[in-house]
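> Below are the chains, spelled out letter by letter.
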Amino acid sequence: MIDHLPVLLIAVPILSALLILLAGWYDRRFCYPISLITILLQFGAAIAILLEVMREGTIRYHLGGWAPPLGIELVIDSFNGFILAVILFLSAATVVYARRSVEKEIDPEKRISFYVLFQLLVTGLVGMTITGDIFNLYVFLEISSIATYTLIASARRPRSYVASFNYLVLGSIAAGFILLGIGNLYVATGTLNMADLALLLPASYGLATVHTAFLFLLIGFSIKVAFFPLHLWLPDAYTEAPSAVTVLISTVMAKVSVYALFRIVFTVFTTAYVIDTFAVTGFILFIATVAIIAGAVLAIAQNDLKRMLAYSSISQIGYIMFALGVANQLALEGGLLHILGHAVMKGCLFMVAGLIIYRMGTSQLSDLKGVAKTMPISCAAFALAGASMIGIPPTIGFMSKYYLVLGAFEAGQWIYAAVLLVGSLLAAGYIWRFIEIAYFGDHHSEDRRPAPAREGPVSMLVPMVALALLCLFLGVFVEVVMEAVRPAAMLLLGGA
Amino acid sequence: MDAGLLPAVTIAIPLLAAVLIPIVGKHENIREGVTITAAVTMLGSVLAMLPPILSGSRITIPLLPMVPGGDLALRVDAFGMVFALTAAVLWLLNSFYAIGYMRSLQEHAQTRFFFCFAVAIAAAVGIAFSENLLTLFVFYEILTIITYPLVVHVETPAAMKAGRKYLAYLLIGGIFLLAAVILTYILTGTTVFVPGGFLAGSGSALILQVLFLLFMVGFVKAAWMPLHGWLPAAMVAPTPVSAFLHAVAVVTAGVFGIVRVAGWVYGMDLMASLGLGIFLAVIASFTIVTASLFALTEDNLKRRLAYSTVSQLSYILLGVSMLSIAGMTAAMAHIPIHAFLKITLFFVAGAVIVSAGKECISEMKGIGRKMPVTALMFSAAALGICGLPPLAGIISKIYLALGAVEGGMPVLLLVIIASTVLNAAYFLPIIHTMLLQRPDDERSLDSVTEPPLVMLIPIVLTVAVSVWIFFSPSMPFMDLIDIAIAEITGSVVP
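These protein sequence lines map, in sequence, to chains A and B.
Counting from 1, one number per residue, gives the positions in the first sequence under the working numbering.
Counting from 1001, one number per residue, gives the positions in the second sequence under the working numbering.
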């Protein structure tokens, strides 16, 4: 049983998606528990696998017993073991959160398909994370993408259809680039297994085919992670999707796309390739810095809470790409920490936004004056996660930023380190706008009706508060997280 | 209890209070009871550490591993004790005063107010007890964030604007401080404070000079000019908050940081060889004189006091800049001395607001007839800052003068004299207005009385402490400072 955990991670949720469909036909109320149980099981399995990996080293599972490079293998090492645990934890939190949110935002007859698609999305993302085969990665990417397009549109508002369609177009272009990139790699090496590719590629580093493949993959995944200026699909998609979907795609899907990019840049290709042969890190570092600043400035300019957080994501993706651009041990530790940290804090912030929509029916900042009096717990969670976003110690956001800056300093990139530090302050600009409005905007306003505290349902509050507290505790006990992050960063740089 | 745990306990007490305060927030008396209990216990816990510190030992307690460059760790030494003791005593007095003030004015959101106060004092004590630069930075940033709701407490548009200014100055300062900390780590591989400094020989003179500039901007809480704008702006806050900013924690944290860096990161010899003493002396002298001139022009009492603080804080920088034993002593001694005197002045300014509703000096004519004790205490503290015995202000002035001569910079004597004259020039008219002038309209003061006892007693007590420091300077402050000076100069503890 334990040996087969990797494949069960994918097989169980696919079966469960079908089960939800069947059970939903019988009685709609079955959908949610099945979904919850499945994801909790997956999360448990992910933790078991991560502990196993940290103890025993990389796990390789040959699907159907076919040995690679011909067969497809699932590979879980310290890098994706860590990512897997993170995304399944956040998926679990999102499912708990989703139930009441979905009841409010999705038509009753569409809820079955919502849970089916939700399950398929998680399946696709888990598949992307643990596969060791680059074409298989593409397949899972498409599964998750198609589920996402549909889920975004499931808000069934005209604007969400547009957002979904825009993402569909850009996502398909991205998929096209990725597929062509994979094709080129196959032409150059004759294999699709990632480990095999890593072995065979250095011989062809000089080939134009390989350069093209790398560029295509880079562009394709840059669209998927919404790396500035290829982010155009993101603000609409995040804003117009149902709240629960926003939480899931802004945390889990965004992080898996980043994972895939890191995997390809560092494992399929190597640091030697991106630094020496096809020197692209300096350029990425530059764009990442621009992304940090531009995303934050755009976020400050928004008048809608969800859209503001969406632009903030563009800025935060910049931090993670910054790590890729610096490409040394400390910076990558910071980047990986930020994958976790940003998922936790942005998940929390979007959950707050969802709760505010649930309760107030709007996320327009101008309508939220004094909302902290009505929803004290949600706003406190926002303040805590927001402090993490700004990088106030001792939150997790500070820790990842610290590692990034330290890495940049060590690499001699003083100017970029300085820009990163200053750019991080811009986050204070947009976080504080909400804090001011929520906490301090009401006292002297004309109509001072005493608003009784009316929070959302408990099942939405609990995951939100848990994530907010995690922002603090992961920061305070950062050394525990570093136990998992450090070997992962080493692995990316080609070490043990 | 194991004495080794006391530093952590001291910080945990107000944090625990911060957890309890929102829970019991609905019941005002219980909520205030929590604050007072925490303040008393924290003072007790600080006092319990005093004997071992006075005997020359240090209490170190590593809390948590954090990041490369520094773990979260506490170490209580003599200099940290000076700050912590000042903060602990003043928090207790300020809590009583704040309760009286907030209730008299029926301020809103008092639970938030006392919650933030409790976290802020924990951060201040954390700064005092930091074992390394990174721990100090963590608490320094927490202090910035948690004082923001206090500053914007009244929530008027003017207050929100001031709050943005406050946050902008201090957060940008924080970034500079972080850069300085990281640079220190890159240069030396450590950020743990070492008496006498650890930077010597780790980088070129230019880098170390730039690093010092980063530190200076980082400690913008010291409100040196021209980076002082946030402090007068923050005067929109309720008076107990002003007292907290000016005396208990915030500006004190800034100057504390600069002294810490000068004595425990650079060391006086390195500072001298880099020419940083002269740099600091120029900044300090400029600030002392200019801020005093600004103070002359202010009619709003709290704003005049704010500029007075800006000026007085630079006494501490001036003391450091002399890079001599007497100068350092003056710098360290001025931290508690200024805190006790300045908090009296703010307490009085708040008492006048509560009793008479007046903020401008020109409206306070003859107010001493109705509030004799309050006005007398104000006069005493103001004269104390000018340097009149028998109040503590004269002590730091004497050491400053000694340091100027000892450090071979007699020109700084002129600054000290000019400053004393200016102090008198902006304080004496206030005393004159309060005590001697007749009100324009006799009946306008009819309803004015002394403030409630819960506010009046802290006012009297802070003056009493200042007098006590004058008559018995050695115990505990000067003894602590002697130990700290001995540490950083490498001489034997006297």
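Please keep in mind that the hints were generated in silico from the structure rather than gathered at the bench.
A couple of the hints might just be wrong.
Here chain B is said to cover these stretches of chain A; the calculated rule only asks that three of the stretch's residues, wherever they fall, bring their Cβ under 8 Å from a Cβ of chain B [said to hold, decoys possible]:
1. 6-17
2. 399-410
3. 413-426
Where is the CB? At the ideal position from N, CA and C, for every residue including glycine.
> Check each numbered hint against the structure and report the violated ones by number, ascending.
Violated: hint 1 alone.
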